[in-house]
Every structure is written in structure tokens, then in C-alpha cells.
Amino acid sequence: MATTHFEVMEAESAPRSSRIVNDLSIQVATINGSGSQTANTVLLRALFQMGIPVSAKNLFPSNIAGLPTWFTIRASRYGYVARKKEIDFLVAMNPETAEEDVLSLEPGAAVVYDEKLNLAKLRGDLAFYPVPFDPLVAAICPDAKLRKLVRNMIYDGVVAKLLGIEVEEIRIGLEKQFKKKAKAAELNWNAARAGYDYAEKSLTKADRFWVERMDKNQGKFLIDGNSACALGAMFGGVTICTWYPITPSSSLAESLIGYMRRYRIDPATKKATFAIVQAEDELAAVGMAIGAGWAGARAMTATSGPGISLMAEFVGLAYYSEVPIVIFDIERVGPSTGLPTRTAQGDILKNAYLSHGDTKHLMLIPSSTEECFSMGVEAFDLAEEFQTPVFVMSDLDLGMNNWMAEPFEYPSKPISRGKVLSVEDLNRLPGFDRYKDVDGDGIAYRTLPGTKHPKASYFTRGSGHDEHAIYSERPEDYVANMDRLARKFETARARLPKPEIREAREAEIGILAYGTTHWAIVESLDQLQREHHLAAGYCRVRAFPFSAEVFTFIRRHRRVYVVEQNRDAQMHRMLRMEVDAADVGKLRSVLHYNGLPVDARSVTDSILRQEVRN
Amino acid sequence: MATTAMPPAAPKKVNRVGLEPADYKGNRSTLCAGCGHNAISERIIEACYELGVEPYRVAKLSGIGCSSKSPAYFLRSSHGFNAVHGRMPSVATGTVLANRAIMALGVSGDGDSASIGIGQFVHLMRRNLPCVYIIEDNGCYGLTKGQFSATADLGSKLKTGVVNDLPPIDTCALAIQLGATYVARSFSGDKKQLLALLEGALVHRGTAMLDVISPCVTFNDHEGSTKSYSYVKDHDEPLSDVSFVPYFEDITVEYEPGTSTEIALPDGSRLVLKKLRTDYDPHSKVEALRLLTESHDKGEIVTGLFYIDTERPNFLDLLNVVDEPLATLPESRVRPPQSALNEVMDSLR
Numbered sequence: 001m002a003t004t005h006f007e008v009m010e011a012e013s014a015p016r017s018s019r020i021v022n023d024l025s026i027q028v029a030t031i032n033g034s035g036s037q038t039a040n041t042v043l044l045r046a047l048f049q050m051g052i053p054v055s056a057k058n059l060f061p062s063n064i065a066g067l068p069t070w071f072t073i074r075a076s077r078y079g080y081v082a083r084k085k086e087i088d089f090l091v092a093m094n095p096e097t098a099e100e101d102v103l104s105l106e107p108g109a110a111v112v113y114d115e116k117l118n119l120a121k122l123r124g125d126l127a128f129y130p131v132p133f134d135p136l137v138a139a140i141c142p143d144a145k146l147r148k149l150v151r152n153m154i155y156d157g158v159v160a161k162l163l164g165i166e167v168e169e170i171r172i173g174l175e176k177q178f179k180k181k182a183k184a185a186e187l188n189w190n191a192a193r194a195g196y197d198y199a200e201k202s203l204t205k206a207d208r209f210w211v212e213r214m215d216k217n218q219g220k221f222l223i224d225g226n227s228a229c230a231l232g233a234m235f236g237g238v239t240i241c242t243w244y245p246i247t248p249s250s251s252l253a254e255s256l257i258g259y260m261r262r263y264r265i266d267p268a269t270k271k272a273t274f275a276i277v278q279a280e281d282e283l284a285a286v287g288m289a290i291g292a293g294w295a296g297a298r299a300m301t302a303t304s305g306p307g308i309s310l311m312a313e314f315v316g317l318a319y320y321s322e323v324p325i326v327i328f329d330i331e332r333v334g335p336s337t338g339l340p341t342r343t344a345q346g347d348i349l350k351n352a353y354l355s356h357g358d359t360k361h362l363m364l365i366p367s368s369t370e371e372c373f374s375m376g377v378e379a380f381d382l383a384e385e386f387q388t389p390v391f392v393m394s395d396l397d398l399g400m401n402n403w404m405a406e407p408f409e410y411p412s413k414p415i416s417r418g419k420v421l422s423v424e425d426l427n428r429l430p431g432f433d434r435y436k437d438v439d440g441d442g443i444a445y446r447t448l449p450g451t452k453h454p455k456a457s458y459f460t461r462g463s464g465h466d467e468h469a470i471y472s473e474r475p476e477d478y479v480a481n482m483d484r485l486a487r488k489f490e491t492a493r494a495r496l497p498k499p500e501i502r503e504a505r506e507a508e509i510g511i512l513a514y515g516t517t518h519w520a521i522v523e524s525l526d527q528l529q530r531e532h533h534l535a536a537g538y539c540r541v542r543a544f545p546f547s548a549e550v551f552t553f554i555r556r557h558r559r560v561y562v563v564e565q566n567r568d569a570q571m572h573r574m575l576r577m578e579v580d581a582a583d584v585g586k587l588r589s590v591l592h593y594n595g596l597p598v599d600a601r602s603v604t605d606s607i608l609r610q611e612v613r614n
Numbered sequence: 615m616a617t618t619a620m621p622p623a624a625p626k627k628v629n630r631v632g633l634e635p636a637d638y639k640g641n642r643s644t645l646c647a648g649c650g651h652n653a654i655s656e657r658i659i660e661a662c663y664e665l666g667v668e669p670y671r672v673a674k675l676s677g678i679g680c681s682s683k684s685p686a687y688f689l690r691s692s693h694g695f696n697a698v699h700g701r702m703p704s705v706a707t708g709t710v711l712a713n714r715a716i717m718a719l720g721v722s723g724d725g726d727s728a729s730i731g732i733g734q735f736v737h738l739m740r741r742n743l744p745c746v747y748i749i750e751d752n753g754c755y756g757l758t759k760g761q762f763s764a765t766a767d768l769g770s771k772l773k774t775g776v777v778n779d780l781p782p783i784d785t786c787a788l789a790i791q792l793g794a795t796y797v798a799r800s801f802s803g804d805k806k807q808l809l810a811l812l813e814g815a816l817v818h819r820g821t822a823m824l825d826v827i828s829p830c831v832t833f834n835d836h837e838g839s840t841k842s843y844s845y846v847k848d849h850d851e852p853l854s855d856v857s858f859v860p861y862f863e864d865i866t867v868e869y870e871p872g873t874s875t876e877i878a879l880p881d882g883s884r885l886v887l888k889k890l891r892t893d894y895d896p897h898s899k900v901e902a903l904r905l906l907t908e909s910h911d912k913g914e915i916v917t918g919l920f921y922i923d924t925e926r927p928n929f930l931d932l933l934n935v936v937d938e939p940l941a942t943l944p945e946s947r948v949r950p951p952q953s954a955l956n957e958v959m960d961s962l963r
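Note that the protein sequences, when read in sequence, are chains A and B. The first sequence: position 149 = 149 (our numbering), numbered continuously. Numbering-wise, our numbering comes out as the position in the second sequence, counting from 1, plus 614.
Simulated from the structure, these hints should not be mistaken for lab results. There could be a bad hint or two in this list.
Said to hold, decoys possible - Distance condition first, Cα-Cα at most 25 angstroms in a straight line; then the derived DMTMM-like pairs of lysine to aspartate or glutamate:
#: 1; chain 1: A; residue 1: Lys455; chain 2: B; residue 2: Asp855
#: 2; chain 1: A; residue 1: Lys180; chain 2: B; residue 2: Glu664
#: 3; chain 1: A; residue 1: Lys455; chain 2: B; residue 2: Glu656
#: 4; chain 1: A; residue 1: Lys183; chain 2: B; residue 2: Glu876
#: 5; chain 1: A; residue 1: Lys180; chain 2: B; residue 2: Asp850
#: 6; chain 1: A; residue 1: Lys201; chain 2: A; residue 2: Glu313
#: 7; chain 1: A; residue 1: Lys220; chain 2: A; residue 2: Glu409
#: 8; chain 1: A; residue 1: Lys270; chain 2: B; residue 2: Asp779
#: 9; chain 1: A; residue 1: Lys488; chain 2: A; residue 2: Glu503
#: 10; chain 1: A; residue 1: Lys181; chain 2: B; residue 2: Asp960
#: 11; chain 1: A; residue 1: Lys270; chain 2: B; residue 2: Asp931
#: 12; chain 1: A; residue 1: Lys220; chain 2: B; residue 2: Asp960
#: 13; chain 1: B; residue 1: Lys847; chain 2: B; residue 2: Glu837
#: 14; chain 1: A; residue 1: Lys271; chain 2: B; residue 2: Asp937
#: 15; chain 1: A; residue 1: Lys413; chain 2: B; residue 2: Glu837
#: 16; chain 1: B; residue 1: Lys639; chain 2: A; residue 2: Glu313
#: 17; chain 1: A; residue 1: Lys270; chain 2: B; residue 2: Glu876
#: 18; chain 1: A; residue 1: Lys85; chain 2: A; residue 2: Glu175
#: 19; chain 1: B; residue 1: Lys773; chain 2: B; residue 2: Asp881
#: 20; chain 1: A; residue 1: Lys455; chain 2: B; residue 2: Asp637
#: 21; chain 1: A; residue 1: Lys270; chain 2: B; residue 2: Glu925
#: 22; chain 1: A; residue 1: Lys179; chain 2: B; residue 2: Glu957
#: 23; chain 1: A; residue 1: Lys216; chain 2: A; residue 2: Glu473
#: 24; chain 1: A; residue 1: Lys419; chain 2: A; residue 2: Glu370
#: 25; chain 1: A; residue 1: Lys216; chain 2: A; residue 2: Glu186
#: 26; chain 1: A; residue 1: Lys452; chain 2: B; residue 2: Asp881
#: 27; chain 1: A; residue 1: Lys179; chain 2: B; residue 2: Glu945
#: 28; chain 1: B; residue 1: Lys771; chain 2: B; residue 2: Asp911
#: 29; chain 1: B; residue 1: Lys912; chain 2: B; residue 2: Asp960
#: 30; chain 1: A; residue 1: Lys360; chain 2: A; residue 2: Glu313
#: 31; chain 1: A; residue 1: Lys270; chain 2: A; residue 2: Asp281
#: 32; chain 1: A; residue 1: Lys350; chain 2: A; residue 2: Glu578
#: 33; chain 1: B; residue 1: Lys912; chain 2: B; residue 2: Glu957
#: 34; chain 1: B; residue 1: Lys806; chain 2: B; residue 2: Asp779
#: 35; chain 1: A; residue 1: Lys270; chain 2: B; residue 2: Glu938
#: 36; chain 1: A; residue 1: Lys452; chain 2: B; residue 2: Glu957
#: 37; chain 1: B; residue 1: Lys912; chain 2: B; residue 2: Asp779
#: 38; chain 1: B; residue 1: Lys639; chain 2: A; residue 2: Glu168
#: 39; chain 1: A; residue 1: Lys419; chain 2: B; residue 2: Glu938
#: 40; chain 1: A; residue 1: Lys220; chain 2: A; residue 2: Glu175
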């Protein structure tokens, strides 16, 4: 949890008031495909290894090479990991955007740049650090072909020197990155070193930003949400993953392939205890998962908005014929192709009611990589317990960026397969009716194909059926079945993860958010309190259907700001459908939908504007 | 009490797994009387009975359409899944991946496979998924009252007089080209040939694709239709006389050396093709495609086994999955230990 008081660290070389320690953002502006990933990851790692809370946002184009890309690192002594709106330290490597990037900085910011770009003439209120990248790289890398690959490491060295990053941590970061490729690590290290030495010799510190070692990252590690979801799936016992490549979800399936090959090959036979299939499209991806879920496998797919649109018909089938599957939706900006490499929370409303007819679905909404893991595990239990599709609603920001993570907790409960009848059960029972509500919770019993018993079989269909799974168009059969499905949904309401609620004493206002918006809220709550003495309660929704606690939270506050990353206030609308009539008027919206991860300042400003109007 | 001498009850006819023909039946068909699809259902029942297929091991899969209703009309004791239009192949793929012990029996139609589902159809063929894939092919959409499908022949007429002006898709040629390893065409009215081809398909270990011309008696059995009973009977040119010998039956089929080809199937069964055309080799893709193209140009419907390959690895072989069904592996085999999680986390610190 972030602390809320403001500190200014003592410093020798700078005036007390102006030295800013461990509270800055670094933005590296490069050209896509120019090989900056290593340099950026190592810079992030070096800060992380120094025990300073960090976060990273890769703002990249939908392009293989040539378009501008920005990598932002935030170091925050307070533990804030949301995107910081202001850039404090710019590394301008892209001639195309350099001028615009420089002009958008706040006064007092610093700019490291290729001296050829001649940026210092643009403004007089910034600290400029020109670096002769080409001569520096030529000196340490005789092979001209390799220069492009290591050139970017030079800015790591320059930034390390200017900010006070321990250069040894850069070296350790490089070793981590290159593992057994010692030669590549060495070449990159030489480049970083050249930058560091150049800065030491030729640059004079003219900005206020510094980093210093802290001790905040004990036990933590860096991971992206897609890898965390993949790990959750593996420890959740997934056996079938069928998928189709789409940004930003592809790396989820690809991470899963890596982990499964390492940990899920049968040691005795060297055969796989899983099947991962790249399907021909999203229709086939979800269709295969449904076939597998029906036949008893723990089955999943991973996709994003356009894929979800294609899967809509099949998801309705899974809902109505009651087949367990898990769908990881790594949301990106729509509509249509939209901004494929930018983040949004734009699928929440669509997925809740995906497909034609009366349908509604279970959704888990992780905010962190820890939850990507735990919900990844839990989604498979829920899908089987409720015999229905379960969505895990991540987004590009969570899925593709590196986040600091607390150790993931190994699943404490055994795998729950839900109501599946065995041969012994069938021997004991007088009969078996696939869609009969025996227990009153709306969840019927199922059998798996291949069960060796004459009573085991039933016919699954997306057309109307009665409780014996027989085709039926009788009005009373249809109504009974639909009402049972609604009952099942209500059973899930109490079973899904509860919201995380933080009460503030005597707060009139509440903030309600979900997913990655959480990180801006944590910081915004502090800003509201510290800067405006405005206390607010906070409810972080973690699942749909909403549990009773969500409605109690709304009831307890006079005004509730629903903060989300879409234009149409999607969760706000979902809440309006369900809250008491008296509470509808309390709901307001703070909306952020420009493709960048939401930042705290935007939330704070919006709430303040609306409070003034109040 | 008077006693009447009763003749001893005739021993019930059972197959090698002790089941009667009735055990392979399904619900009463709701398709039109005389529909070719019903005849296909009957042959499926016969084939499964004769081979002694255990119904619990079969999964019946279908899409949407008249054809796709038919799995309800056979093998009552098998699980069935009537999915969405054109998407049976993906559901079948998932089912087989989840449980490799299951015999997937997919039933589709010409609209289901050659139009809306052509994408899934070709990719299933390409994967050589172990399954039987039957297209009940009547060249029209019966359930929506008779529109043309993509297998309707050029120049064929609807009842309303509308003429089809697009060439048909030959699903057999596609299947052969893409990698299916057992590809045949038959006619719903040809009991003997269809039965033998079905039995061969059921023991095949890759994708067995059967396109069965099955006239729609309501919408497509009139003069001008090229998929009517009379048209097919007049134009059907059997490629070979097919017999199937299951591995457990010790029967020698009569054939004259030099005019027959015998194909050994992986389980020991044999397919015997008594050649009507002496130059035909069912192991050659090129020959098969030439035959289909030429006969189509001549306006003939060739039936029989066009292509077989018992060597090509199937999709499960390629994926190297364990021998047991993935669906029911115990937790100890699907949830790695705490040490694995620790190892991953350590590598990221």
C-alpha cells in the first residue's frame, strides 16, 4: 500500500527543496524495430534491483519496424505504479518525434539525446544532455553490423550516471537478460560503460532527479500479466489451449507453451499432458475449447476484442448447452481494429452479455499479476463448477507490461471438477437427467463422453431442450430451463471473488473501479486526501455478477465515481441495471479512453471538477 | 395349471461385444420419409453393430441442418453434440484432443461443410484428425426450404426453376489435396458400398472423409436436379466393388487376383477393392484428383474409395499427447508442484 505523506530526502549536492529522489518517470522515445527492448528492460531491472518500486509502460505502434515507440519507466518511492502523466527524464532517440517530445515536457525536465538532433535550441527551461552516440558505439563495436543492436545500451549508461543508478546493477541486469550468451552481454556492457564514462567526463548534472537504493522489493519479481495468466492456467490444471494469434493476447498462449513444455511433459513417457493448438481462426479456437470442455478437459482460449466478437455465437452455445471453458480476454482499444497496441477496458459490457438471446456470463477481473495468476487458477474451477464460460478480463496494460509482483501463492485447494457423475454414481442412481436441478442451485449434473455406462449418454444441443436433454419447443420446458440458468447465475454471485473495499471514515464520496484502473485510483485517493483533504471510500470490483457488497458500498455513499477506461461508461451502465432505484442517481463516471493507461492526475482532476459542480 | 410347450427362445442376435442391433438405434427420425440421410443413419447403425463398436466410446458430432439432426437417430447410448452451423470440425477436434479414446463420428451437410464451415472443414482435413467425417450431400439447404448449396452442380435446377450458375466444390478433391487420409464418395441408396466404406472409415486412424450423395426428396429430387435418386442412379459409376473385412473375422473374400487391391488397415482389418477400373491406385493423390476432375467433366459421379494413406501421422501423433485421455488425468499430473512455481518466480527476480 502506498504511503500518503510526502517526504523530501536530504541531499548534499543540491538544495534541499529541489532534489527529487526516487520519484520520477523516464521516457525512452525510439523507432520501432531499432532494438531498444534490451536497453529498456535492463534499465527497468537496474532500478528494480536497487530496491526502488518501478513500473513500465511500453507504448508501441501496430507495426514491425519504422514507427515511433515510447517506453516509460516510473520509479516511485511511494510504490505508485500507475502511468505518470508527466515525463521527467526524456531519452530522445527518434528524430521523427524528438521535437514534439521535447516541446511537451514540463519545465525542469531533462533530455538525453543524440547530439545530431540539436534539440537544446528548442527550449531554455530544460536540462539538455547531448550524447555523440555514433562515435561512442563505433569505438566499442568494430563490427558495423552489430552497432545498431548495442547503440541503445549507451543511453542506459548515460542515464545511470546522470540519475545515480548503480552501474553494477546494469551489468547484473544484462546478465539476466542474456543468460548464457556471454558475448552479447559483454558487448552490451561495453556500450553501457561507454555511455557511463562519457557522461562522467563530459556532462554536468543540471536537473533535480536522482535515484537512491531502497529496500522495497524484497521477495518481489518482475512479470507481465500474460505470463502470469499462463502460469495460473498451468497451475489451474489446464489441459487444452486452443488459440489464434491476436495482439495483445498472443504472448499469453506463447508463454503457456513455454511453461507447459518445461513442467507438463510426463517424465516417464516424455509425452505431453496437454495439447496446445493454434487454430485457423477465433471461431475454431473457441469451438475446439468447447469440444474439449464438453469432453471433460480443462480448456481455454486467449484472445482480444475482435476475437471475442467472432466467438460470440459459440459462447452462446456454451452458455446454453452448459459447457465449461475459460476465455482470457486481453482487452485492447476498439471499435473494430481500433488501436491494436493500446489499452482499454472496452469489452466489459459486451462480454457480460455476449451472444444473442438472454445470455450472461461469469467474469473475473484481475488488477495485478498476482490476480492474473490466482484468477487464472480459479477460473478453471469456476468454469467446471458452474458448467459455463468464464472470462478473465485482463487488458493490454496488464498483459503486456512488466509489473512488480509479490510471490504467487500456490493453490491451496485441490482442483474442483464440479458435478460430474462417475460410473459408480450412475450405478447407484436410478437415472440421470442432464439438465435437472437436483440440488436447487441451478447447477445440474453432467457426465463425460467416454463414460462406460449405458445410462451415461445424453445429447447436447444449442437448440431448445428439456431437463432430459431432449429436443423441446414446449413453452414450459423453455421457461423452466431459462429460469434454472438464471438461478445458476445467482448461485455464482455469492461464489465469485468479493470486491476489495477500503472504507474512508465519514466519506461522502466513493470511487468504484476495476482491473488496471486500480493503480491510478490508489494514487488518486492519496492526491485527493493530501492535496484537497477529500476522503473517499474505494470499491474495487473483482467479478461479475456483482456481489451484494458492491451494492452496499454504493448505498453507503452519496456520490460514487465509477472510473473506467472506455467511452461509454460500460460498468456504470451495468451497475445502473442492478442497483436500487434510489441509488441510480449517485453514480457518476470518470472516463479515460485515449489508449494510454489511465493516470492518477486525470482521475483526481475529473473528480474535483465534478465535486465543484456538485 | 395347463402347460404349453413353448419352443425355446431363439438366441438373440448379438455382436462380438454382446450387443443387439437395437442397442445401436437412436430416436425416431424427424426427417422427411425417404430422405437419404435416414438410409445413412441405418448404415451407421449396421456398421457399428457389425464391427462391435462400443457405443460409449463414440461421440456423435454435428453442425446445423437436416444432416446435423441425424445423430439423434442412431447410437442412442453415445454422447452427442449438435453444435453451431459449420463448426462441427472444431468441436470434434476439441473432443478428440480431450479424450483420444473417443471415436469421433462427425455428421455434416453440404451447406454446413462446403459453405459456412469450409474454413473449419479444410483445416480438419489438413490436420488429419482421427475421426470419421460424413457429409450428407444433397446439394441444397433442406431446412430452409431448398436453396442451392456450394456442392450443387453447375446447371442444376431448383424446383422453382432457378438455375445454379456457379461450379460446385468437390469436397473429396479438397480433402485429398489437404491431407485427409481416407477419402471416399458413396450414394445413400447403395447399401453395400456405403456399409463397407463406413466400416473402413471407422477403423481408420486418421481423417476418414465420406461424401455421401443423399437426395433431398422434398426439395431436390426432381428433373433438373443432379442430386436426385434418378439422376445419381443413372450417372453413378462405381470405382470399385468395395468389401470390408474386420480384423476379428476370419473370412476370405472372393476376388480374382489381378483385378483386386487389398488394403491392410492399421488394426489388421482389410479393405478389398474389386477393381472395375484396372488402372486405379487409391494410394496416389494425383490419380485421385485426375479421376475426380475427369469424371466431373464427363458428368459422371464416381463412387468408391478414392484415396487412402495408412502411414501419415495423425494430429494426436503430431501433438505427442500422453496415451491416457487428457480429460481425466489426475491432479498430480496436471498441477506441477510448488517447487516449479518457485523456480519460475526465482528466474524472474
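Hint check results:
The straight-line distance between the Cα atoms of A/Lys455 and B/Asp855 is roughly 39 angstroms, outside the 25 angstroms bound, and the hint therefore fails. The suggested pairing of A/Lys180 with B/Glu664 is violated, with an alpha-carbon distance near 61 angstroms, which exceeds 25 angstroms. For the given pair, A/Lys455 sits about 22 angstroms from B/Glu656 by alpha-carbon distance, which is consistent with the 25 angstroms threshold. About 61 angstroms separates the Cα atoms of A/Lys183 and B/Glu876, which puts this hinted pair outside 25 angstroms; it is violated.
The suggested pairing of A/Lys180 with B/Asp850 is violated, with an alpha-carbon distance near 67 angstroms, which exceeds 25 angstroms. Taking the CA atoms of A/Lys201 and A/Glu313, the gap is near 65 angstroms; set against the 25 angstroms cutoff, the hint is violated. Our distance criterion of 25 angstroms between C-alpha atoms is met by A/Lys220 and A/Glu409, whose separation comes to about 13 angstroms. With a C-alpha separation of about 54 angstroms, the suggested pairing of A/Lys270 with B/Asp779 is violated against the 25 angstroms cut-off.
For the hint pairing A/Lys488 with A/Glu503, the CA-to-CA distance comes to about 31 angstroms; that exceeds 25 angstroms, so the pair is violated. Restraint check for A/Lys181 and B/Asp960: satisfied, since their Cα atoms lie roughly 19 angstroms apart, inside the 25 angstroms limit. Annotation: proposed proximity of A/Lys270 to B/Asp931 holds, straight-line Cα distance about 13 angstroms (limit 25 angstroms). A hinted pair counts as satisfied when its Cα atoms are at most 25 angstroms apart, and A/Lys220 with B/Asp960 qualifies at roughly 9 angstroms.
Taken as a hint, the B/Lys847 and B/Glu837 pair is honoured in the structure, with Cα atoms around 13 angstroms apart against an allowance of 25 angstroms. Simply put, A/Lys271 and B/Asp937 have alpha-carbon atoms about 8 angstroms apart, close enough for the 25 angstroms limit, and the pair holds. Of the supplied pair hints, the one linking A/Lys413 and B/Glu837 is violated, its CA atoms being roughly 67 angstroms apart against a limit of 25 angstroms. Taking the CA atoms of B/Lys639 and A/Glu313, the gap is near 31 angstroms; set against the 25 angstroms cutoff, the hint is violated.
Between A/Lys270 and B/Glu876, the direct Cα distance comes to roughly 36 angstroms. Violation of the 25 angstroms bound is thereby established for this hinted pair. A distance of roughly 32 angstroms separates the Cα atoms of A/Lys85 and A/Glu175; the hinted pair therefore is violated under the 25 angstroms criterion. With a C-alpha separation of about 46 angstroms, the suggested pairing of B/Lys773 with B/Asp881 is violated against the 25 angstroms cut-off. In summary, the hint linking A/Lys455 to B/Asp637 is supported, as the alpha carbons are separated by about 12 angstroms, within the 25 angstroms threshold.
Proximity of A/Lys270 to B/Glu925 is assessed by CA-CA distance (about 22 angstroms); at most 25 angstroms being required, the pair is judged to hold. With a C-alpha separation of about 15 angstroms, the suggested pairing of A/Lys179 with B/Glu957 holds against the 25 angstroms cut-off. Our distance criterion of 25 angstroms between C-alpha atoms is broken by A/Lys216 and A/Glu473, whose separation comes to about 63 angstroms. Simply put, A/Lys419 and A/Glu370 have alpha-carbon atoms about 28 angstroms apart, too far for the 25 angstroms limit, and the pair is violated.
Pair hint A/Lys216 plus A/Glu186 does not hold up; C-alpha atoms about 29 angstroms apart against a cutoff of 25 angstroms. A threshold of 25 angstroms between alpha carbons decides the hint, and for A/Lys452 with B/Asp881 the separation of about 22 angstroms falls inside it, so the pair holds. For the hint pairing A/Lys179 with B/Glu945, the CA-to-CA distance comes to about 33 angstroms; that exceeds 25 angstroms, so the pair is violated. Between B/Lys771 and B/Asp911, the direct Cα distance comes to roughly 18 angstroms. Compliance with the 25 angstroms bound is thereby established for this hinted pair.
Straight-line distance between C-alpha atoms of B/Lys912 and B/Asp960 comes to about 70 angstroms, which puts the hinted pair past the 25 angstroms bound. Between the alpha carbons of A/Lys360 and A/Glu313 the distance comes to roughly 13 angstroms, so the proposed pair stays at or under 25 angstroms and holds. Restraint check for A/Lys270 and A/Asp281: the C-alpha separation of about 30 angstroms exceeds 25 angstroms, so the hint is violated. Restraint check for A/Lys350 and A/Glu578: satisfied, since their Cα atoms lie roughly 16 angstroms apart, inside the 25 angstroms limit.
Restraint check: the Cα-Cα separation between B/Lys912 and B/Glu957 comes to about 67 angstroms, which exceeds 25 angstroms; the hinted pair is violated. Taking the CA atoms of B/Lys806 and B/Asp779, the gap is near 34 angstroms; set against the 25 angstroms cutoff, the hint is violated. For the hint pairing A/Lys270 with B/Glu938, the CA-to-CA distance comes to about 13 angstroms; that is within 25 angstroms, so the pair holds. Simply put, A/Lys452 and B/Glu957 have alpha-carbon atoms about 40 angstroms apart, too far for the 25 angstroms limit, and the pair is violated.
Restraint check for B/Lys912 and B/Asp779: the C-alpha separation of about 18 angstroms stays at or below 25 angstroms, so the hint holds. Simply put, B/Lys639 and A/Glu168 have alpha-carbon atoms about 76 angstroms apart, too far for the 25 angstroms limit, and the pair is violated. For the given pair, A/Lys419 sits about 22 angstroms from B/Glu938 by alpha-carbon distance, which is consistent with the 25 angstroms threshold. The straight-line distance between the Cα atoms of A/Lys220 and A/Glu175 is roughly 19 angstroms, inside the 25 angstroms bound, and the hint therefore holds.
Checked against the numbered hints above, the structure breaks hints 1, 2, 4, 5, 6, 8, 9, 15, 16, 17, 18, 19, 23, 24, 25, 27, 29, 31, 33, 34, 36, 38 and satisfies the rest.
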